[in-house]
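Sequence lines, in order, name chains A and B.
Each residue of the first sequence is one higher than the last, beginning at 93 in the working numbering.
Each residue of the second sequence is one higher than the last, beginning at 93 in the working numbering.
Some hints could be false.
Where chains are identical, the list cannot tell them apart; a pair therefore holds if satisfied intra-copy or between any two copies.
Said to hold, decoys possible - DSS-like mimics (lysine-lysine), calculated; alpha carbons at most 25 Å apart, straight line:
1) K503 with K368
2) K389 with K461
3) K219 with K184
4) K506 with K325
5) K463 with K389
Think of the hints as simulated: they come from the structure by calculation, not from any bench.
Each chain is listed here by its residues.
There are 2 protein chains.
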Amino acid sequence: MEETMRAEIITIGDELLIGQVVDTNSAFMAQELNKVGVEIYQVTSVHDDGEHIRRAVAESLSRVDIVITTGGLGPTKDDITKHVLCDFFGAKLVPSCDVEQHVKQLYCNRPDVLNRLTETQWLVPDKCTVLPNRVGSAPLMVFEQDGKLLFSLPGVPYEMEVAMIEQVMPYLAKHRPTNETIIHRTIQVAGIPESALAIHIEQWEDALPGTMHLAYLPKDGIIRLRLSGYFDKNDTTAEQQINVQIANLEALVAEWLIAVEDQPLEVVAGELLKAKGATISTAESCTGGKLASLLNKHAGSSEFYYGSVVAYDNSVKQRILSVSKAYLEQYGAVSEQVVTQMAEGARRVCGTDYAIATSGVAGPSGGTKDKPVGTVWIAVATPDAVYSELLHLTGSRDQITTRACTKALTKLIKYLRD
Amino acid sequence: MEETMRAEIITIGDELLIGQVVDTNSAFMAQELNKVGVEIYQVTSVHDDGEHIRRAVAESLSRVDIVITTGGLGPTKDDITKHVLCDFFGAKLVPSCDVEQHVKQLYCNRPDVLNRLTETQWLVPDKCTVLPNRVGSAPLMVFEQDGKLLFSLPGVPYEMEVAMIEQVMPYLAKHRPTNETIIHRTIQVAGIPESALAIHIEQWEDALPGTMHLAYLPKDGIIRLRLSGYFDKNDTTAEQQINVQIANLEALVAEWLIAVEDQPLEVVAGELLKAKGATISTAESCTGGKLASLLNKHAGSSEFYYGSVVAYDNSVKQRILSVSKAYLEQYGAVSEQVVTQMAEGARRVCGTDYAIATSGVAGPSGGTKDKPVGTVWIAVATPDAVYSELLHLTGSRDQITTRACTKALTKLIKYLRD
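In isolation and in its complexed conformation, chain A is listed as follows (with noise of 0.2 Å):
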């Protein structure tokens, strides 16, 4: 691991340090880096002022052969990057026609854009080379010190992400090619505490090479296992590797498998529905319309996925799915009754194959002694018949939700491999 090209990212913004705003940038730079060996040592937030920007910068140009910074290239009084990078770097900020031409061209039909506040964006630092973005008005800077590399982004995700596919790797694959590859691989159970799991494939986990490393994810009921190896790029044995160890793992946690990949359970979901040529709907009370939103958050979902019935009152639930009035009465609407004929009624109503519904307790309030916040039943229709579930879940409300969901699909991934 000697070879292994290091970067920092750091995000710039008060909002990340008072908690108004949660840093999502890191997450996709780490990921982009990552596949192309480029791993990331730290990730530092620090706040819209020069000094402590300036330290930040120090210190990571110290540690690290490429730096990424995001946030504050906006046009108002409290972005100040482009300034404190340009006297970092004893630069001057002189303008840029191509900046210009292309802000102008950007706002061509929004006048009231080209005021002199967004003229201060055409104002860039002569010691660096400007990068194009595409989609903003913030000139994208990279600065270049004793072989060192530091790039400035824009803090809006969009313009981010575009910034870092557009400009940034196809950069960096020219200018800093790197010697390694990088594998992660993901394999998801569910069903066995974290520590069971962890004496049961102990023999597994302490035989592996020293080019790999095993990590333990537990979140909402769900266990990712990540394996991840480090290789020389020109190492064509790379991927057979770390597939005769996922090979091996799998062996060993088959009674708890949900996935071999670590795409989300909606996305496992979705393509054993494709594979089956089947449809799915879903009917939903405490979740509310986030199985829905999951099952139809990927490009290509209108391939399996139909519709829902987000059945929050009773009315609803009686008038569209046609839950029976007596069940509500009898037996309310968080029951094994109740969530069957969502199901079935989605099912029906929206003509698909499956369906998945729920009901339940998500809180804080509406609890009761019989029923307590996190009481909810789960049901899966499938062509054959419907199985129902009954959850004591723990959490806020929002977790409460969500981890219905996870189970949910979960069942249905049961299911739909049976």
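On the provided structure of chain A, position chain B as indicated by the hints.
Structure of chain B alone, referenced to chain A:
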């Protein structure tokens, strides 16, 4: 601001640095700490690596008074935080009867979890205070050195949240009371470019007292203007001082105002619906249940939200929402005619006062010359009429559907306000 108590967060875990997991913990912790006047100076994400953790801890302790680490407390081999901290603070691991009892109680119905790996959870450093972890097996640790505090919390979000609320915050209130109040207030606007807004409010912004600071947070067509004020804890006029500034700002941006609080749009809409005693439903094609999920995301939504029809496939649009086959054939699903019928259909079948509908091309495929990816029709049905609007959105599939939801909620809020 000399008096501000500052903290840093260190998130520990390879999963954060390879982009497998997004760090949502820091935002939660920052919000909680801000409430009591503790400012987060920096967030640092490091690997499950002893040397790396040690360096980050030493650096953070050199800069601030309070350090909180999350992650690396599980029972498996990749989790090393406890050992590293033990070593760093010159402590040794000793068994804790309290933790042992707690863990045995926690897993009393799950004998499969009480194995030799789990048993390591009740070994704790002899130089720390152990706080109870009500919902997990990892002990919460507090180390003290030269008057500075380091808290070590689990990385699993739910466990971290319970630990912060029930243990860390009361511990800080007792042992590190603060002298400062930090107040953040946010106004949300839409329909004006960021730079034009900045020019429009420039005089107001320049006249702000030195204790207040404005930030611009643009996202998905909404700009959040956050005013942060730093006050002495005993300054009884703090609220009033910031309220005066916010009132002036509100008057300045009245034309584009969406909300005077940092609440998600669905909460703003929900409050307006509740105030009217009105109900709502949705009919969604391209947004696929996202609007439904938003509207019932928060506790108490059953007061105004009845249900939704996710009519992804055209057959579902016809079957449940009674969209006319002739319209679908003549104008296509992405049309003013169809989205209007969808909104009317949802309002009718769900029996609500209002309804929102969406139909568009979310991509990445499915676009045509006439209706490229990003073409989205939205409609708001009120008790009196249906209002529709054609959007041309950009971005990824997820961004297009998110922006469509934002636009639809903005439109709904407008009609609820009128």
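Do the hints match the structure? See the list:
no.	hint	in the structure
1	K503 with K368	within (17 Å within a copy, 41 Å between copies)
2	K389 with K461	between (37 Å within a copy, 24 Å between copies)
3	K219 with K184	within (8 Å within a copy, 52 Å between copies)
4	K506 with K325	neither (38 Å within a copy, 57 Å between copies)
5	K463 with K389	between (32 Å within a copy, 20 Å between copies)
The structure fails to meet hint 4 from the earlier list, while all remaining hints are met.
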